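Add chains V and Z to chain L, keeping to what the hints say.
Note that the protein sequences, when read in sequence, are chains L, V and Z.
The opening residue of the first sequence carries number 0 in numbering that gives the first Met the number 0; numbering runs sequentially from there.
The opening residue of the second sequence carries number 0 in numbering that gives the first Met the number 0; numbering runs sequentially from there.
The opening residue of the third sequence carries number 0 in numbering that gives the first Met the number 0; numbering runs sequentially from there.
Wrong hints could be hidden among the right ones.
[Stated by the list, open to error] Estimated spans, in silico, between C-beta atoms of each pair:
1) V:GLY55 to L:ARG224: 28 to 36 Å
2) L:ARG224 to V:ASP57: 30 to 38 Å
3) V:LEU24 to L:SER139: 21 to 29 Å
4) L:ARG9 to Z:GLU195: 48 to 56 Å
[As the list claims (entries may be wrong)] Listed below are the simulated EDC-like cross-link pairs for lysine to aspartate or glutamate, each with C-alpha atoms no more than 16 Å apart in a straight line:
5) L:LYS57 to L:GLU43
6) V:LYS6 to L:ASP118
7) L:LYS10 to V:GLU53
8) V:LYS83 to V:GLU53
9) L:LYS169 to Z:ASP96
Source of the hints: derived by calculation from the structure; they are not laboratory data.
Remember, predicted model here, so these are calculated numbers, not experimental data.
Backbone N, C-alpha and C define an ideal beta-carbon position, used for all residues, glycine too.
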Amino acid sequence: MTTLKRLIKRKVVIFSVAIIGIIVSSAIFAPLIAPFAPETQFREGLTLEGSPLGPNSKFILGTDLLGRDLLSRLIYGARTSLLIGLLANGVAVLIGTFFGIIAGFLQGRIGSAIMRFTDLMMAFPALLLAITLSAIFSPSLFIVALVIAMVNWVQIARVVYTQTLSISEKEFIEASRSLGATNTRILRCHILPHLAPFILVWSTLGISTTVLLEATLSYLGIGVRPPTPSWGNIIFENQTYFQTAPWLVFLPGLAIVMFALSFNFLGDALRDELDPTQRGREN
Amino acid sequence: MKNYVIKRIGHSAIILLGISFITFLLLYILPADPVRQIAGRSATPETIANIRRELGLDQPLFAQYWHYISQLAQGDLGRSYLQKTEVTLLIQSRLTPTLILMISAIFLELLFGLTAGIFASVKRGKNADKSIMIASFIGVSSPQFIVAILVLYIFAVKLHWFPIGGYGTFHNLVLPAMTLGILGSGWYSRVMRSSMLDVLRNDYIRTARAKGVSEGRVIFIHAFRNAILPIVAMIGIDIGVFMGGVVVVESVFGWPGIGQLAWQAIQRVDIPIIMGVTLVSAIAIVIGNLIADLITPFVDPRIRIRQ
Amino acid sequence: MNSHPFLSVSDVTKTFQENSGKNKIKAVDGVSFNLDQGETLGIVGETGSGKSTLGRLILNLLEPTSGTVTFNSKNLSSLSTKEMRTSRREMQMIFQDPFSSLDPRMTVGDLIREPLDIHKIKSKQDRHELVQSTAKSVGLPTNSLDRYPHEFSGGQRQRIAIARAIITNPKLIVADEPVSALDVSIQSQILNLLLELQRKLELTYIFISHDLSVVQHIADKIMVLYLGKVVEFGTNLEIFNNPHHPYTKALISAVPKINPHDRTDRIVLLGDIPSTTSKPPGCHFNPRCHLAMDMCRVVEPALLAIKSDPGHQVSCHLFVDESFTQ
Numbered sequence: 000m001t002t003l004k005r006l007i008k009r010k011v012v013i014f015s016v017a018i019i020g021i022i023v024s025s026a027i028f029a030p031l032i033a034p035f036a037p038e039t040q041f042r043e044g045l046t047l048e049g050s051p052l053g054p055n056s057k058f059i060l061g062t063d064l065l066g067r068d069l070l071s072r073l074i075y076g077a078r079t080s081l082l083i084g085l086l087a088n089g090v091a092v093l094i095g096t097f098f099g100i101i102a103g104f105l106q107g108r109i110g111s112a113i114m115r116f117t118d119l120m121m122a123f124p125a126l127l128l129a130i131t132l133s134a135i136f137s138p139s140l141f142i143v144a145l146v147i148a149m150v151n152w153v154q155i156a157r158v159v160y161t162q163t164l165s166i167s168e169k170e171f172i173e174a175s176r177s178l179g180a181t182n183t184r185i186l187r188c189h190i191l192p193h194l195a196p197f198i199l200v201w202s203t204l205g206i207s208t209t210v211l212l213e214a215t216l217s218y219l220g221i222g223v224r225p226p227t228p229s230w231g232n233i234i235f236e237n238q239t240y241f242q243t244a245p246w247l248v249f250l251p252g253l254a255i256v257m258f259a260l261s262f263n264f265l266g267d268a269l270r271d272e273l274d275p276t277q278r279g280r281e282n
Numbered sequence: 000m001k002n003y004v005i006k007r008i009g010h011s012a013i014i015l016l017g018i019s020f021i022t023f024l025l026l027y028i029l030p031a032d033p034v035r036q037i038a039g040r041s042a043t044p045e046t047i048a049n050i051r052r053e054l055g056l057d058q059p060l061f062a063q064y065w066h067y068i069s070q071l072a073q074g075d076l077g078r079s080y081l082q083k084t085e086v087t088l089l090i091q092s093r094l095t096p097t098l099i100l101m102i103s104a105i106f107l108e109l110l111f112g113l114t115a116g117i118f119a120s121v122k123r124g125k126n127a128d129k130s131i132m133i134a135s136f137i138g139v140s141s142p143q144f145i146v147a148i149l150v151l152y153i154f155a156v157k158l159h160w161f162p163i164g165g166y167g168t169f170h171n172l173v174l175p176a177m178t179l180g181i182l183g184s185g186w187y188s189r190v191m192r193s194s195m196l197d198v199l200r201n202d203y204i205r206t207a208r209a210k211g212v213s214e215g216r217v218i219f220i221h222a223f224r225n226a227i228l229p230i231v232a233m234i235g236i237d238i239g240v241f242m243g244g245v246v247v248v249e250s251v252f253g254w255p256g257i258g259q260l261a262w263q264a265i266q267r268v269d270i271p272i273i274m275g276v277t278l279v280s281a282i283a284i285v286i287g288n289l290i291a292d293l294i295t296p297f298v299d300p301r302i303r304i305r306q
Numbered sequence: 000m001n002s003h004p005f006l007s008v009s010d011v012t013k014t015f016q017e018n019s020g021k022n023k024i025k026a027v028d029g030v031s032f033n034l035d036q037g038e039t040l041g042i043v044g045e046t047g048s049g050k051s052t053l054g055r056l057i058l059n060l061l062e063p064t065s066g067t068v069t070f071n072s073k074n075l076s077s078l079s080t081k082e083m084r085t086s087r088r089e090m091q092m093i094f095q096d097p098f099s100s101l102d103p104r105m106t107v108g109d110l111i112r113e114p115l116d117i118h119k120i121k122s123k124q125d126r127h128e129l130v131q132s133t134a135k136s137v138g139l140p141t142n143s144l145d146r147y148p149h150e151f152s153g154g155q156r157q158r159i160a161i162a163r164a165i166i167t168n169p170k171l172i173v174a175d176e177p178v179s180a181l182d183v184s185i186q187s188q189i190l191n192l193l194l195e196l197q198r199k200l201e202l203t204y205i206f207i208s209h210d211l212s213v214v215q216h217i218a219d220k221i222m223v224l225y226l227g228k229v230v231e232f233g234t235n236l237e238i239f240n241n242p243h244h245p246y247t248k249a250l251i252s253a254v255p256k257i258n259p260h261d262r263t264d265r266i267v268l269l270g271d272i273p274s275t276t277s278k279p280p281g282c283h284f285n286p287r288c289h290l291a292m293d294m295c296r297v298v299e300p301a302l303l304a305i306k307s308d309p310g311h312q313v314s315c316h317l318f319v320d321e322s323f324t325q
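For reference, chain L alone in the conformation it holds in the complex (with noise of 0.2 Å):
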């Protein structure tokens, strides 16, 4: 595929896919990479007065305030981060999908019915929704992920709902019709082979966006809880050293603009490649 030549010979796709890389296989080997265990606490990993200890031999990023390994924590924190990407973007493109292919290919009462559900949802204010639902339901990984979700499956159902609509209109979806073909069949062989671009792009950006609801979540301590790390939930702990031991708030926060940025960079190029009249528009 020229699209994956093309793709390749930039600059940011080589940065972001490395980041990806180191990312993902920090997740997948973490037992292997890591030199402790994420939450054993070392009494040596605190200095006499009980405070983190800064990078030494034996803990090469330092402690946090209560003596666990940072490096091992950030290592399995990559882990929570993209556990939670994929599922909450996964389930959010799935519930987005559905509604704006439907609302899209039947229009009508329920395609204007989906449509002002959306609108509906758009209006409340994301965050808010957000810290909301988390607060009421009991805290597990699953559950945030479950809450970003249904705040981030409205906007891609409402570009795939406009998709599906112009793609609707297209003479060769009422050529194909005029040869017999069922619903079944425009849907799966035209639709969805055009959206499925719009879909990866989508998939895409959607992680990053993810990946930073969880981190402001776990930071106002009602994402992922401790002692499970997330690179939110670290700078959450650690906050009230941050003036004696920065690297604590600061390395995790590296972590998360990495991770969110080297999606973004490969949305957009994935975007520039597959739809060139899209260039640097948002929403």
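For chains V and Z alone, kept in the frame of chain L given last:
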């Protein structure tokens, strides 16, 4: 045209009603029991039952909702469970700081974003363009709290140029506004850049240059006026998004706005406040979208004629 | 005339509603005709004449608001969805725009094979052979099947569309302006292909066009439409040698003629075609007709056959004395 405006406003009203209901529903099915929070640990079952009855929480869902809506129609957002003050008053007192922050933030977002976008479009393909775009991407990919903490660390803790949070003077405003300004400018710069590129490609720009119009005029008067159109709509949406997401920055900088109010309320399960803030934010989003929808025809004569 | 004509369109009307019922557009207004197997009917009209809508009504891609379309003794509106789908094997459409009527993401082979897949004709292996032979019969080069539509020229894309249309061995083909989007030099190639296929496969054509010179080349019978109504109907010979309706005459005068002796003065029509939402009262053509009488502005003329030739019908007050009711 008037019909359209009326239809849109009606539409928005229905959306607000829908939001109020869904929020009410969500809070109704909370596993956390607000009554226990209020009563405290050592309350007897009698006290709890009394409080529940007092607050009307023993009524069925629709009765509670109906009561809420009828109060709302009179401008009454209820009373905070824990603070014994009217929600309306609480929100009013917090609204001003948030609005100040919002206006300053959007001003800075536009200042940085539009300048960067125009500059990048003019220097297209060169290093300046690439660096600006990368910076924009970083802005878009960073969560608010990280930038907030970073800004706080560098300018307040290390350099002591500004106070560490608080409210009251211009100095307090700078850091939170800068944080939001830098982050938000990422969106604007990208849209501005692509919009400028689209406009600069047009024949009328070529004509202007051929007529001998100075490049400065071409860019800032001819191109800018047309490229700014999508930005206008974005500002409307930005207002809405801002209200929803301001919790983080207000928390980090101790800014006493409605975001902070909402956060405290959520932690204490103070339902009336949560409802109130959600509604106010939703109103802001709806108004923001409405403004974006209604202003665009004014700014873009092509759409106006079609109407 | 056959007692059971191959295709019978009877008083078909199609009204569209815009703006949730506020604007009613009568795109097709009371059109009737019969067609025998193997014949070619040319439907001629300009923008707003309803000819494309009529084409879709004939194939039941749109449901008529009133009236019936009977094909092969079956009333199309009365068929169930499943029966209709099966009937589609026998009636196909060729669209005007060879750029947008082919799915750009499918290969030519997939496109031509699609009708076979839809109707589950032949086994999967045999389909490939049939696709190849059909592609050959429309003049596509042998290696086309793995390529994509955008790699081909307009004329070749229409050949692909034609291949798609004939592969299920249909009896009726409705071609909606099939050559209008092509260069003039390619037009005759495609027209000749269509004629050749008609001979080989015993096809019946309905050929829709705004271009009378094209229709002259290919049609046995010609129907002229104006704002949804039939203004004249007759054989190719009759229409061109003995046109009656002022609109028909104007259209014919605009056809470029090579022989200088054939050239006559062009009849220039006044004004523009009115919008379909506000049709003029009486005879819809009256504002532009240089022969319009007072009656034309008030009363709609009926479609009546002329005395000298019952197969030739006109809808015009000028000829009422000459005609008798059908």
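Here's how the hints hold up against the structure:
1. Checking the proposed 28 to 36 Å range against GLY55 (chain V) and ARG224 (chain L) shows it holds: the Cβ atoms sit about 33 Å from each other.
2. Evaluation of the 30 to 38 Å hint for ARG224 (chain L) and ASP57 (chain V) yields a pass: the beta carbon distance comes to about 32 Å.
3. Against the hinted window of 21 to 29 Å, the Cβ-Cβ separation of LEU24 (chain V) and SER139 (chain L) comes to about 22 Å, which satisfies the hint.
4. As the Cβ distance of ARG9 (chain L) to GLU195 (chain Z) is approximately 51 Å, the hint placing it in 48 to 56 Å holds.
5. Distance check on the hinted pair: LYS57 (chain L) and GLU43 (chain L) sit about 10 Å apart at the alpha-carbon level, within 16 Å; holds.
6. Taking the CA atoms of LYS6 (chain V) and ASP118 (chain L), the gap is near 15 Å; set against the 16 Å cutoff, the hint holds.
7. Taken as a hint, the LYS10 (chain L) and GLU53 (chain V) pair is broken in the structure, with Cα atoms around 65 Å apart against an allowance of 16 Å.
8. A distance of roughly 13 Å separates the Cα atoms of LYS83 (chain V) and GLU53 (chain V); the hinted pair therefore holds under the 16 Å criterion.
9. For the hint linking LYS169 (chain L) to ASP96 (chain Z), the alpha-carbon distance of about 11 Å falls within 16 Å, and the restraint holds.
Going down the numbered hints, you'll see the structure goes against just number 7.
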